[in-house]
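Two independent chains are provided; combine them into the complex using the hints.
Each chain, written out:
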Amino acid sequence: MLKRRDFLKAAAVTTGAAAVTVGAVRSFTPEARAGEALPGRWDTAPVVDGNFSSYPPFEKWNGWRELDGDDWKRGGVLRHEVKVRDYALVPTVCNNCEAVCGLTAWVDKETMVVRKFMGNPLHTGSLGRNCAKGYAVQSQMYDPDRIPFPLKRAPGSKRGDGKWVRTTWDEALATIGAKMRATLEQGDELSKKTIMHHVGRPNESGFTPRVWASLGQDCQNSHTNICSTNARLSSVLWLNDDRSAPDWENARLLFLQSSHAADAGHYFQQSAGQIARARQKGAKLVVMDPRLSNSAGIADLWIPAWPGTEAAIYLALAARLLEEKRYDREFIREWWNWQELLDDKAELELLKSRGLLAELPKGDTFEDFEKLLVELYGGYTLQWAAEEARVPLAKLEKLYEYVLYAGDRIASFFWRAGGSGNRGGWMGTGRAGIFLLSLTGNFGGVGALGVEEGRVIAVAGKGGASTQAATPPKVNAWNELSYPPEWPLATYEVSFLLPHLLSDTEWQEKWRKKGLTVPSRLSVWIPRQYNPMWINPDGFRWMEVLKDETKLELTFNPSPTWSETNWFMDYILPVGMSGERHDQHSEPTNTEAWLAFRQPVLRVALEKSGWEPKDPARATLEAHVKAGLGEVWEENELWVNLLFHHVDPDGKLGIRPYWESRQHPGKPVTIAEYYDAAFATLPGLKAAAGEYAKHKSAEAKTDVEKKLAALGERFPCYAYMRDHGAWTEKRDVYQVHKEELHVDEARGVVKVKAPQWFGGAVEYPTKDVKTDPRTNQLYVDTKEGRHVIGVKTREGEQVTGFATPSRKMEFYARWFKDWGWAEYAVPVYPRTKEQRASMVHLVSQVHHSYMTEPNAFALNPIFRLSYNVHTRSVNSKWLMEISQNHNPLWINEVDAARLGFKRGDPVKVRVVDTLSTLESGYFIAMCVPTQGIAPGTLACSHHAGRWRVVEQVEVPGFEKPLGVMGLGAPTAALKESGTTRRLGYVRGVEKLHVTPTKEFGDKGWPFAEFNQDLDNLSWDGLSGVWQNAVHHPHPDPVSGMHCWHQKVLLEKAGPGEKVGDLQVDIQATFKTYQVWRDQLTRPAPGPGGLRRPEHLKRPWVPITRDAYKMNVT
Amino acid sequence: MNAASRHRLYSFFSRLFVREVDDALAEVLEGDFAKALLPAFAEAGPAPRVDLDADFVNLTVVSLVPYESFFRREDAMVESGRANPLADFLTRWGFEADLSAARSLSMDHVGIELELMAVLAQKEAEAAATGAAAYAAKVRAIERSFLEEHLLRWAPVYFLAAARNAKTALYRDGADAALQFLLSDHEGLVKEGA
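Keeping their order, the protein sequence lines are chains W and S.
Take the first sequence: its letter number 1021 is residue 1021 in the working numbering, and every next letter is one higher.
Take the second sequence: its letter number 194 is residue 194 in the working numbering, and every next letter is one higher.
Incorrect hints may appear among the rest.
Below, simulated DSSO-like cross-link-like pairs (lysine-lysine); rule was C-alpha separation at most 27 Å, straight line [as the list claims (entries may be wrong)]: (1) Lys626(W) to Lys9(W); (2) Lys116(W) to Lys60(W); (3) Lys626(W) to Lys686(W); (4) Lys706(W) to Lys902(W); (5) Lys191(S) to Lys9(W); (6) Lys902(W) to Lys35(S).
Because the hints were derived from the structure by calculation, they are not lab data.
Chain S extracted, bound-state conformation (with noise of 0.2 Å):
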């Protein structure tokens, strides 16, 4: 799979779960690329969004949390400040995370990881378009890294739990396909040899 069409993946995942659905994801889920990509949701049809809002609140705040400080601390705590595992990685390769935007706690919450990986996904994508073939094989480096080092060590932990305990079709069917794909991606990163 190209790069480009990663970072549409890795973009999608991300927004389902950073936010709540509004007027843009909406319209994203009516198009064909969801329907492609969540058969279940398109099957089962649209849900009120008052629901979907419940289960995106409840996925992320009430029942689970999306924070992989929390699932890899040995206390279970969110680190918020500037020991977050992720802070390392953002600020060597040259990120830094807007946690207003994301409306997130800390900057390691699986919408903000997912959003890095599209990021990096379109640099890829961007210096493949001109011919920075090095550069873009460095990038895919960092992807792979990332996945290893972050990613794949708590979010299919995550993504099960969510898809147990969903209680619409949309997250149930999300977080089973997120999980999938990281998985995929993965595989398809070691497999190029990235």
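Same shape as in the complex, but just chain W (with noise of 0.2 Å):
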């Protein structure tokens, strides 16, 4: 029993009762609750359908008030104060991958410091979710590393020696574009060669080709041909489409071949949610690949088929079909050209000679071809299949119950490494494989494959409306070095050749003999935001041509952080990177058409505080500057800056109009200008855009309020995209093929997309429309022959069809036969040691015939890891922390113990080319031996294995050395002997001790408040290795693109020697790219006497139709 006390009695005592509570609980006025400032105070957390919601309604987005999240994560009872902050959300979009997911940019108001990036949930597609490269924004935003001012190489130093001086914006504009006009003024054929924009991965959609395209430059390059050419050429064979978009969510079968799309592959997050969705549905998910990726992993069914083996499965399991009869008989007898296969008897003659067919088809019905299919894929068997790609024959039946049970609803994205790994790997994926997926009448509908076209909005480039002159003419040169004569059917430049080119005079002189004018050198270089050096196969061959002033005359690299190519620029130009540059950007990650605006966000936020700039055409430059980031600008704005104060001032090159406000002549145009242009060209942005700037301006009160009020009714379509971020034109883009005609019936004409891929829109009298009625295809006879513009569907619409010649699918590619490929125009994959022979373009480089030595391996270098991409992502210490020591060698258990391999062993890796029989050299690497990887194959992400020469580099009459890639790039030691290069590690990367400078404000460079914790760093980065040095350069004859995979011998690292070292002989690299090149590829001219043909798609300039004419001798 508790004994009672007497309250009363203490009560009653008053002395020594003073109030000594601590103050926890207050009080708060109505009128204070209702305000905005009264300290310690903090927004509601947001409910969304019963559930808290990550980010605040949009409404408040200006204005939103939070706890800091530092309190919590520093021990919570520990901390001494709670601190409110006071947000300004500013979307903009991520620019680490490809997948353009949205982000919101939470701008301290207090301190206009980005204090997290989150998604944005505006953005239909990636709805508010993001990876951890997203998150990652923040920590590349303050990397105490990142190049606060341009820097030029010293005068009288050499490129790599590592001399650097501070230089102003306004001096390299004025170099670099003293330079661009000289070579402009030359006027000759050579000159509009010569000054070349080499981009990474683009992430915008339009802008930069209009720069070049009014430079009247055929110069802009870009890295697909590492990347993703032999993909995108199986989709134009097929389609005449950049590349398959499917809807995944849908679906019934999600087939990833060698693309990781659930945790890692191209679009991944987007996608990964879209499967998840899917698989909470019933969906069955099967990945085909080597390595047991993540996906793989969490798959109903794995195949690891050899690579460059998938055309096997994929034709067997359509053999399989088509003898059962389980196919769409009325998809394909409606949707593919079956009848332009029947009436080329010389093809079909062809195929019989090469023995495919025992005979030729008795008639030309559609029952014939059903036959003609039966014979040619009966020797298909999925028992061979089973043993060409040395999996379970019990998989592969298991597969074809899952293509059965998805029929038209089987999704899948042909990329990487099936296509970018193979010779001929744009037959291995799409080619093969979309024969098979379609055969079920798979193709544009819910959950099926669709294409691309119809899903993305590029109008970056179609601003015109806001300048002088509208659209720049089309460019009359054709430039070898992007696209050489021995590529014809390139599906984009032969880039990462480009050393290899510049550097090879007997190629040249070969062709200048001929009548090309093939150059020799480039006057300006600009790897805009790119590492080629170290990305590309046969990377010394780049650093040697990097350092010849003879042949890249002046260098630049607007690059928002160091790397190992920047190393050996001219100029390094500090340009911003996800929440610090203008970009519109769209990418066909759904079923929809939408587009996303990357943005500076603290000149955003800025400027919606009052701020504004002195010059609006530099306002980024400045307003990064007045925020602390340092001299960092944008490219948008530079380029509009360097075109009309520096190339062309007087307007005399005619580039100026382009560049010069229509609204303010003699001035440039300005981002809102021109972006407002951009976006009214989209229908329905533009509706919604006006409504919401009337509803703005309604609700102005403050000054601020009612300045940004009126930017916004003179541009409401670019005040909405910077308020928002994102916007969905159209949903539900399905059926693209089934969109009826344009035709303009009162003037009595249809309009249709030119056969010329630059041609642009022609009309005809709707009159001259006749009906193919084999065919349905519509057409038009004109005095360059049958223009097919559509098909009449068995309803009887007119509807535009595929963008191929024949507006069908092309089960068989007339234009590939007429290019001299007619044994590879109808989708085949050798069956025998003889057609392996015969079919060599088809034949993998590591196809496992060629592993004759016991320690001889198919190594596959490049999947993807979900926190890394290529090399944008080294100035993040959060994405180093994650991915140290991810770049093991994966061996399978098996192989590692018969040749005596422990995980954690230095394993030297020599790199053979089986078609020149040459070993390059070597790498070490880590040994990680597995049951995750099939046997026989090597896998090796050349994501890692960054390097430096030096930790830092002293910039005269700065306060502080800059620090070099210190978070993940080890220091190496370079050395050169002969035509013999070595890298070997030295030390790995360590601890930093990051104090605050005075240049740019106390939270300025180098960010010491962002960056406190680099003293406890966990990671060295010595686990890794760059390969790709090592790697031989593999053109696939057709596409052009580089076979990633190496043939690779392996053995035990010798004393001292450890993982990180490599040595390359690049003699016996170079002669492996002749070889490929002179053995395998079928040079233009083509038909015509054409460089290229014509109807196919040709980035990124366009050009005029004399300038594929190939007027050799």
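Below, the structure is given as structure tokens:
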């Protein structure tokens, strides 16, 4: 029992009873509760549909107050105060991969720093979600090693000496502009091929191509041929579309061929979410790849096919469908161009002569075509395919079951290693894969494979209504350095061979003698945010050319960070990243057509607080200086200023009008002017933006709000995108091949796309449109021949069909035959040793028949890590922490035991080319035996293995040395002897002690406030290796893709050899390039004396039809 | 007992269980008020500050969990977010908790809840002093509802446990006194028809 106390007695004692509470409970007045200014108050956590939301309601994005996360992170009861942050949420777009996920920057209005990046819930592709790379944007923004001002190679030093001086943006632009102007003033053909812009991942939809078009240069180069051109060719052959676009979310079978979309593949993490939702609904997941990826680990079926044998499986499954008549006859009858094959007797004779057909079809009916299919593919049995791909037959039987189950709802994305790793990867991905999938009518519908067309919005090049001149003329030049004559069907530029082509004077002379004007040098070379020396094969060949001032006369990299390539630049010009630049960007990540707007978030936040730039055309640079980020600019304004003020200041070159404001003659166009015009080309966005502008004007109260509202009235589309960051113009984009032909009844014309890629739109009188009774093709007879413009469907509708010359899905690619590849004009794959010899173009350079030595393996270097994208993430401490030790050499346990390798052993990987038979050298990698990889194959991601030659750079006149990739790159020593090059690590990543400087303010570079933890690094980076340097260049003879996989011979590392060491003979790699080129390609000119078929996509700058003509002797 | 006296008592118990003894509290503990309220503690004499600190941590961090949500949630988790049971009550009556001042994980800490009672009692006292009897009665009703909806639903169990686990006379006697005071005060409010 408790003894009752006399509280009255105690309460009566007033001495020593002072109120001693800690003041943990406060009352607030009703006025304060409604206001925003009361210290300590924060907004109520947002609730949507009964659940807490990660994002405030859009109406509060300009002022959202919440508790600072650090107070909780630093230990709850031990903290000293709870800080309330007043945020402005500014939308932008991630720049760390191609998926274009939306972001919101949470800008602290008190200090003008970005406290965190979250997703953008208004972005209908990413739905407010991000992967680790998205959230890591903040650590990249405040990376202590980011370059804070323009750097110039010190006068008198050589490239690679590492001597740098600080320069100004004005000096850099003046010097570069003068060089470009001097080049352009020459005005001859060669001068149109020598100012080269070379992008890594473009991550924008048209702005820069407009820049190069206005320069009149055929010099816009890309990285695509080390990424995906084989896969793209496969899509081009069937559909003349850039890439297949699946409807993951509604599929019954999710089929990933070396695309690990559920964990790290293309369009990760958007695809991953859609795949997860489909699986919730019962979809089956199949992954075909020799490596047990995370996607494969959660799949219903893993098919570890030998690299490059995927086509065998597709054709065998197709053969089974044909044999059992389980295919969609009506779909094929209507949408395949089967008549074209039956009508081409020469092609049929060729197939017969090569043993693929026993006899020619007797008639020309669909039934005859069906018989032809059965015969053509009858020999492709599942048993044979299982042996060819080295997978258990039961797995293929299971896959067949899934195909039957899913029918016309199979989503796939033919990308990555299957295409990019192997010679003939274009056949091994979509050319054979779409054949299989479309047999079941699986195309264009809900849950099916679709096309990119209609799902991508590219308007960044369409802001011409804001400038004095709208659209630059087509360029009348053909750059042999981007599109060499040997690869007339290259899907994109053969850019990975740029240093080889510049070095190969024999090749240059050969074509000059034939009459071509081949450049031997570039006057200006700009690897925009790109690190080609590190990421391309044969990296030391790049290094040779980068150092050669006779081949690359002036170089500069608009780049946020240091890189291996930047070490050899003349200028490094610091431009911004995800939240520091303007880009319009759109990708086909789902079944919608959406676009997103990347923005310099600090600039937007400053402008919303009332700040104004001195020069509106340099607002981003001024804002970044103001906010302490350093002299960091963006490319949009950089190009406009460079062209307007320095390349063509007097307008004599005709460039300036494309960048001169229409509203303010004599002034460069501003971001708001340009993008408002570009966005206004979208009717849906334009309508929504108009309403939004009215709403903002009506609710504006303060002077700043009124000023912003006035800007919004002038530039409603820009203002809408600035505030929302994303817009969805169309939903449910399906069956785009069934869109009605555009007929103008009043004028009696039909408007269609010209047969040429750069032809624009053409109009024909509707009375001239005819229907082919056999094919149902709609066509017009022109002086250049029959122009097929669409298809009349079974229902009698006149629709556009596909973008192919036949407007059908092209089982038979007639143009492919016309350009010299008749034997591959239909899907095929060699079944015998003899056929492999005659079809060598389709045989992977790592086919198992080449693995003749007991220690020979097929190496896959190109699987993606979900937290690293090639060269983009070395500047994020967060991502580096996650990815430490993630560059091992995967080897099957059985193989490892056979060779005596244990986990962690350094292994010497000798690289051999199976065509030239040359050995390039070796690299030392860290061995990890696992059951998660097919025997005989290896995997070692080339996303790691960065290096630097110094830890920091002294810049005269600046108070502190600049760090160089201090978070993700060990220090290495380079050695050179004859044609041999070596690299070895000498020191790992070490702790940093980041202290403030004064120049860019307390919170400015090197961002000490955000980097107090760098004295506690847990990684050293010494487990990776720069294997690309030892890779042979393998240009696919058709697509120009670098076929990444390498044949390697394994042995134990020798005494003193350690992980990261490498050696390469650059003469051997150079010869391999020549052997692949000379033994395998079939050079232009093609039909009509052209350099390339006119209907094929040819990124990036429109060129004239004259430029297509290859006038050679 | 009048509201001013109740305010003093709630203030004292709140302070005793919200943070360690500091100089200000030590001064109170040496005074007549504490001697009258905590006779066993007064009889035991002063303990070293370090022992008191250790005991406080023992009773509020290590051995016991002084949060309402811990006692009332089925999964025995401390709710530190907006879903905390106290959040609605505070918002409804125009209060907010300063977790930093309390060095607390969440707003339903026993010290904060006791301090809320102290604040309410003070408001009642101020109202009574200015003749606002109706307002004072309304506040008293809020006090009763808070006791019934929150404190009495879990704090007695906590104080019982604290009294048993305490290693110093201050916290043993203090926990026992706090428990008795809560029960006594509620009894008083009920009798007065609050």
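Comparing the hints with the structure gives:
1. Lys626(W) to Lys9(W): Violated: Lys626(W) and Lys9(W) sit about 66 Å apart, past 27 Å.
2. Lys116(W) to Lys60(W): With Cα atoms ~17 Å apart, Lys116(W) and Lys60(W) stay inside 27 Å; holds.
3. Lys626(W) to Lys686(W): Distance ~33 Å between Lys626(W) and Lys686(W) Cα, so the pair is violated.
4. Lys706(W) to Lys902(W): violated (69 Å)
5. Lys191(S) to Lys9(W): holds (19 Å)
6. Lys902(W) to Lys35(S): violated (73 Å)
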